[in-house]
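Engineer: So you can see what is in the structure, the chains are spelled out below.
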Amino acid sequence: MATDFSFPDAAAKSAAAKPDFETEKMSLSMGPSHPSTHGVLRLQMELDGEILTKCDPVIGYLHRGDEKIAENMTYNQFVPYTDRLDYIAPLANNMAYAIAVERLVKLEVPARCQAIRVITAEMARISAHLLGLGAFGIDTGAWTVFMYAFEEREKLYKLFEELTGARFTTSYTRIGGVSRDVPEGWTGRVNAFCDQFLPILEEILALLTRNKIFMDRTVDVGVISKADAIAYGLTGPNLRGSGVGLDLRKDKPYSGYEQYEFDVPVGTKGDCYDRYLVRGEEMRQSVRIIKQAIAKFPGGDWYAKDARKIFAPPKDKILTSMEELIQNFMIVTEGPQMPAGEVYFEAENPKGILGFYVVSKGGGVPWRLKIRAPSFCNLSILPKICVGSLVSDVVSILGSLDFVMGECDR
Amino acid sequence: MAVIPLERKPLSFAERTYLPAIASGLKTTLKHLFAPNITMEYPEQRPAIPPGYRGVPTLVKDPHGREKCVSCQLCEFVCPPKAIRITPGEIPADAPERAHVEKGPQAFDIDMLRCIYCGLCQEVCPEEAIFLQNQYSMTGYTREEMVNHKDRLYELGGTLPDEHFKWDKKLDAEKHGNAH
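Residue numbers (the numbering used here), protein chains in the order written: chain H, 1 to 410; chain X, 1001 to 1180.
The hints are simulated quantities; they were obtained by calculation from the structure and are not laboratory data. Check before you lean on any hint, since a few could be wrong.
Computed footprint of chain H on chain X; a stretch qualifies when at least three of its residues, placed anywhere within it, have a C-beta under 8 Å from a C-beta of chain H [said to hold, decoys possible]:
| # | stretch |
| --- | --- |
| 1 | 1077 to 1088 |
| 2 | 1121 to 1134 |
Residues from chain X that keep clear of chain H, each with C-beta distances beyond 10 Å, as calculated [stated by the list, open to error]:
| # | residue |
| --- | --- |
| 3 | P1005 |
| 4 | E1015 |
| 5 | R1016 |
| 6 | S1024 |
| 7 | E1041 |
| 8 | D1062 |
| 9 | P1063 |
| 10 | I1091 |
| 11 | E1102 |
| 12 | R1143 |
| 13 | D1151 |
| 14 | K1169 |
Note that the structure is a prediction, hence the values are computed from the model and not measured. For glycine and all other residues, C-beta sits at the position ideal for the given N, C-alpha and C.
With these hints in hand, go ahead and build the complete structure from the sequences.
Structural biologist: Below is the structure:
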């Protein structure tokens, strides 16, 4: 069933100008498996020649019912499911989810844990934006960018693998901490990555920024005005590309983001090119944050030691002491004990604001968990900006919006 | 330390001819052409696996060659995709090898088509009996083949050096009369 969006119709707009001869409109379906829809998005388009008169996004092909699944498992068991929301940046999702549940129980994690989470979230942001740029490059005909971006992502994956044990589905955070401490010398290797990454980033961006072919495809294409961006609930680089300087890391700091100095880049026009520029600059800022976080990397605990009913006791204690063994069994079978109440927490993820609304009636299982997925909200503007553009521009627009269907359909 | 607008300069006349972009692009390509290769010949060359890698879950034996799992079923409980199925079995009190425990798994199946390699089973195991080790690729022709049964799990797991010697310590404590 196609959704009916009554948006201004390019053909209706030009109804006053009488056409020379009547043409028939054509309907064209792009996706759900189309290389430029970046996943299983389907666009139901109506064309007048080469011009779109209507564009309906059809979503839900990747729906897994994550919100319902969450109601049937303990808080820690849901962490692997958050990996699969925005699967390009699982570490950032893990962090947002963990902080949301910790806010429910008003739990403060130690400074070291916060710093680890910030470093991993920013690395995830770099990795997500590299893929975003690479895929955007392919959409506009620049293959090389993708190749060089993936070389850098591979280095990031090696670091993730060392830290979390998995390259892709990291499942790194736990309620009240992280699953393990950073390995010996890991922060040094992250620092080394950042140092060598900056010149390579410049090299990658130089392939696109002043490239006339790329600019022809993106400048003044898919313009989102400031008012529209706010009205449609856009967030992240797409909102900032339209000139709104909203960044939750600055405006509502969490996990110690207030200690770090960084700039929020905003665009001036709100076209595809601006969104590209914003992502490029955000990677530079992420490197700045990572370097600051590593420079003052705090010692101490990497999990909340006082949260005895929430974070599992250390392994050697479980094996040797009866009390800790019972505690381990309780936390696993009953779940980390949460008070009744509700909390909404949103974090600035690479794609935009990822929000978790957790309603608890006490105990170890959420009564309801709502996920506010940035890609879902960002896609809502498609019917508005695609109308009146060429079919080839739709490819640019999709690339510049940089969405992930795993999160949109969840 | 603030919001910075991104500048957009119009293209110069030279840039509008496409030539500078082509030249700089070719320069980048040539630089990478002579750089060392970053890919590897996969099945022959294998990437190094860091310690703590979460590969295929396996069951391990202790240094005495005894089964570690006591079939408490905590991993079965915690497994988010419900990939583990355990049938607990009694261990007779006169069994010489395993006199210290009362139960062991009669059957232990891990469905590798369901497993998501999250490592929660290893994290919660109170006996350090289940470990996600280095193997990362599994193949099979049928669904049945992709279910790892107990013997296969022990074959994959082998023996890991024990770090805590839980049962040896307990035995010691018992001898000295301060057991639980």
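Engineer: Which numbered hints are broken by the structure, listed smallest first?
Structural biologist: 3, 4, 5, 6 and 14
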